[in-house]
Amino acid sequence: MAEITQARDIPPLPLDLVNAVIQEIQKTRPLFLYSYPLNDVSLVVRLYQSAFSGSTPVSSAHLACTYGTLYFILREFRYLQSPICQKFDFNEAISLAEKKFDVLLKDYRVLSVPSFGNVLALTLGAMKAQNQGSPFLNCTLISAAASHCQSLGYNHDSSHGNSSNSRRLFWSVYMLEKEVSIFFGRASALQDADIDVALPVFSRKRPVERWDRLFEAGIKLAKIQRRICNDLYSRKSLKLGQTERENKIHDTVQKAHHFYDNRMYYTLTLSDGPERLFRLAEDMLETKRSATLTTLLRAPSSLKTGQTHIRPECFKAARTTLKLYLHCSRACELGGLSSETERYRDWGPLSCILTPFIVISLHAIASSSAEDITLLNEVVSTLEQIQDVSPSESCEKLYKFTSSFAKAATGFVQRHESIHSVSRWRYSQQDDSLSLTSREKEPSTTESLPKGRPGSSATLASASSVFTHNTDEGSLFQQVVDEDMREIIGEGAEELFRVLEGCMGGGLVSVLDVFGGGFLDV
Numbered sequence: 001m002a003e004i005t006q007a008r009d010i011p012p013l014p015l016d017l018v019n020a021v022i023q024e025i026q027k028t029r030p031l032f033l034y035s036y037p038l039n040d041v042s043l044v045v046r047l048y049q050s051a052f053s054g055s056t057p058v059s060s061a062h063l064a065c066t067y068g069t070l071y072f073i074l075r076e077f078r079y080l081q082s083p084i085c086q087k088f089d090f091n092e093a094i095s096l097a098e099k100k101f102d103v104l105l106k107d108y109r110v111l112s113v114p115s116f117g118n119v120l121a122l123t124l125g126a127m128k129a130q131n132q133g134s135p136f137l138n139c140t141l142i143s144a145a146a147s148h149c150q151s152l153g154y155n156h157d158s159s160h161g162n163s164s165n166s167r168r169l170f171w172s173v174y175m176l177e178k179e180v181s182i183f184f185g186r187a188s189a190l191q192d193a194d195i196d197v198a199l200p201v202f203s204r205k206r207p208v209e210r211w212d213r214l215f216e217a218g219i220k221l222a223k224i225q226r227r228i229c230n231d232l233y234s235r236k237s238l239k240l241g242q243t244e245r246e247n248k249i250h251d252t253v254q255k256a257h258h259f260y261d262n263r264m265y266y267t268l269t270l271s272d273g274p275e276r277l278f279r280l281a282e283d284m285l286e287t288k289r290s291a292t293l294t295t296l297l298r299a300p301s302s303l304k305t306g307q308t309h310i311r312p313e314c315f316k317a318a319r320t321t322l323k324l325y326l327h328c329s330r331a332c333e334l335g336g337l338s339s340e341t342e343r344y345r346d347w348g349p350l351s352c353i354l355t356p357f358i359v360i361s362l363h364a365i366a367s368s369s370a371e372d373i374t375l376l377n378e379v380v381s382t383l384e385q386i387q388d389v390s391p392s393e394s395c396e397k398l399y400k401f402t403s404s405f406a407k408a409a410t411g412f413v414q415r416h417e418s419i420h421s422v423s424r425w426r427y428s429q430q431d432d433s434l435s436l437t438s439r440e441k442e443p444s445t446t447e448s449l450p451k452g453r454p455g456s457s458a459t460l461a462s463a464s465s466v467f468t469h470n471t472d473e474g475s476l477f478q479q480v481v482d483e484d485m486r487e488i489i490g491e492g493a494e495e496l497f498r499v500l501e502g503c504m505g506g507g508l509v510s511v512l513d514v515f516g517g518g519f520l521d522v
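Once you know that position 453 of the sequence shown is 453 in the UniProt record's numbering, the rest is easy, because the numbers rise by one and skip nothing.
These are computed hints drawn from the structure, not numbers from a lab.
Each residue gets a CB set at the ideal place from its N, CA and C atoms; glycine is no exception.
Honestly, I wouldn't trust all of these hints.
Said to hold, decoys possible - Listed below are the simulated DSSO-like cross-link pairs for lysine-lysine, each with C-alpha atoms no more than 30 Å apart in a straight line:
#, residue 1, residue 2
1, Lys223, Lys248
2, Lys236, Lys255
3, Lys239, Lys205
4, Lys255, Lys27
5, Lys236, Lys248
6, Lys99, Lys87
7, Lys220, Lys205
8, Lys316, Lys248
9, Lys236, Lys223
10, Lys128, Lys106
11, Lys220, Lys316
12, Lys239, Lys128
13, Lys323, Lys239
14, Lys397, Lys87
15, Lys27, Lys87
16, Lys99, Lys220
17, Lys128, Lys223
18, Lys223, Lys239
19, Lys239, Lys220
20, Lys397, Lys99
21, Lys128, Lys27
22, Lys255, Lys205
23, Lys128, Lys323
24, Lys205, Lys316
Said to hold, decoys possible - Computed beta-carbon distance windows for the label pairs:
#, residue 1, residue 2, range
25, Ala370, Asn165, 32 to 40 Å
26, Ser428, Lys220, 28 to 36 Å
27, Ser151, Pro83, 57 to 65 Å
28, Tyr108, Glu393, 36 to 44 Å
29, Lys27, Asn165, 36 to 44 Å
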């Protein structure tokens, strides 16, 4: 009850404003109610009417859903310069809605009691956290929502009856949770073997059809991400032999192939607000798809052989991801969104650049590519702008991480040194591929994988040891970094190379290494 009391201590939104919002969304459906996780205008209207009638008490979940949806809808109205913005102080209204929503999300019942309202509130909170560049909060909230879904039986078709709202909400949670799973390198909380719920009913009438098509594509992408985590990066899959792993990689690539049509959107236009937002949403999905393809193609054929390869297809996917990210950033600036950094710092596209950035850094060092250096520096430049205005420490840490890698790559290219000088690294200019091999491996490193989750610092450290332990050359850092390079890279050069070689060792990039410790501490 304390959270509800605190929310009541915050001044209420003007009733005239709420009534104006109800009239506006009944007249013209907001874009927020075209996309996931909610498309039922009548449900939102009932939420608002009950919450502001004052005739009957409402639950914390009801209030959280009310203020959560108001937060997103009011922001959309402000961006699109809805006529009602001239009648009210929208900046103040958005601030009040956000404060109330944040307080209500802390109610223990929202986190602990399964209900449709609590799942919706947690999902809205996860979307807000993602938008504001807070991956750990996003992970906490969407994991709680996934747990509620399982307790309610939303993963089974029989639990929904005729409710299209709960089915749509479940698939929204599924999609967001799979993004968290592949980003954090951990097993998904929603196992597909225990899911038999039908997909939502997608409209085939414009303008809803376009947004539903994006939602459907997002679910398909989530299923590919699930296959990548389970079949290529799980502890069980990493123990398989080279032939079996190569077959799994080939099978996953083939199954994902139909999903990738090699589209690239460079449609910077001065179209109207709603159309611009749709195109931006389309391009952001394409960025996520390209980043997922990079992670898929980077999967090692085997850890037992002490070999990992990055092929030209992976470099191409990584380069495409970074270019699409830059395109989205420019589109945001053109559309006026970057003034508030509302989409510009959205963690969805920001989280996509981590693995592709490392892959292109490797290629730049290996091939002495000036073009790659330019691309890396362009990405760093956008992140520098974001970290200056974003309240999220994660954005600042991402900037530090990418900036250090770009400096390292630039230093090697300027000194005309490449990975050819490292005996265990082989770059083939002919087919544009990079291989990392070990001359000697300690038997224990091939017999069992380290304890810890896939992508964790423990896993990466041991995976890295396959390529560094018991060799005459020593670690990559010891081989290639001298005092001059230390000065170029700056503080934390050794940790940076540990992350780099750990990534080459075959695991997913450790989020805790990047955002939780070492030279990236704020």
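Comparing the hints with the structure gives:
no., hint, result
1, Lys223 <-> Lys248, "holds (15 Å)"
2, Lys236 <-> Lys255, "holds (21 Å)"
3, Lys239 <-> Lys205, "violated (48 Å)"
4, Lys255 <-> Lys27, "violated (43 Å)"
5, Lys236 <-> Lys248, "holds (12 Å)"
6, Lys99 <-> Lys87, "holds (22 Å)"
7, Lys220 <-> Lys205, "holds (21 Å)"
8, Lys316 <-> Lys248, "holds (21 Å)"
9, Lys236 <-> Lys223, "holds (19 Å)"
10, Lys128 <-> Lys106, "holds (14 Å)"
11, Lys220 <-> Lys316, "holds (22 Å)"
12, Lys239 <-> Lys128, "violated (38 Å)"
13, Lys323 <-> Lys239, "violated (35 Å)"
14, Lys397 <-> Lys87, "violated (40 Å)"
15, Lys27 <-> Lys87, "holds (17 Å)"
16, Lys99 <-> Lys220, "violated (34 Å)"
17, Lys128 <-> Lys223, "holds (23 Å)"
18, Lys223 <-> Lys239, "holds (23 Å)"
19, Lys239 <-> Lys220, "holds (27 Å)"
20, Lys397 <-> Lys99, "holds (26 Å)"
21, Lys128 <-> Lys27, "holds (26 Å)"
22, Lys255 <-> Lys205, "holds (29 Å)"
23, Lys128 <-> Lys323, "holds (25 Å)"
24, Lys205 <-> Lys316, "violated (36 Å)"
25, Ala370 <-> Asn165: 32 to 40 Å, "violated (53 Å)"
26, Ser428 <-> Lys220: 28 to 36 Å, "holds (34 Å)"
27, Ser151 <-> Pro83: 57 to 65 Å, "violated (43 Å)"
28, Tyr108 <-> Glu393: 36 to 44 Å, "violated (26 Å)"
29, Lys27 <-> Asn165: 36 to 44 Å, "violated (22 Å)"
When each numbered hint is compared with the structure, violations occur for hints 3, 4, 12, 13, 14, 16, 24, 25, 27, 28 and 29.
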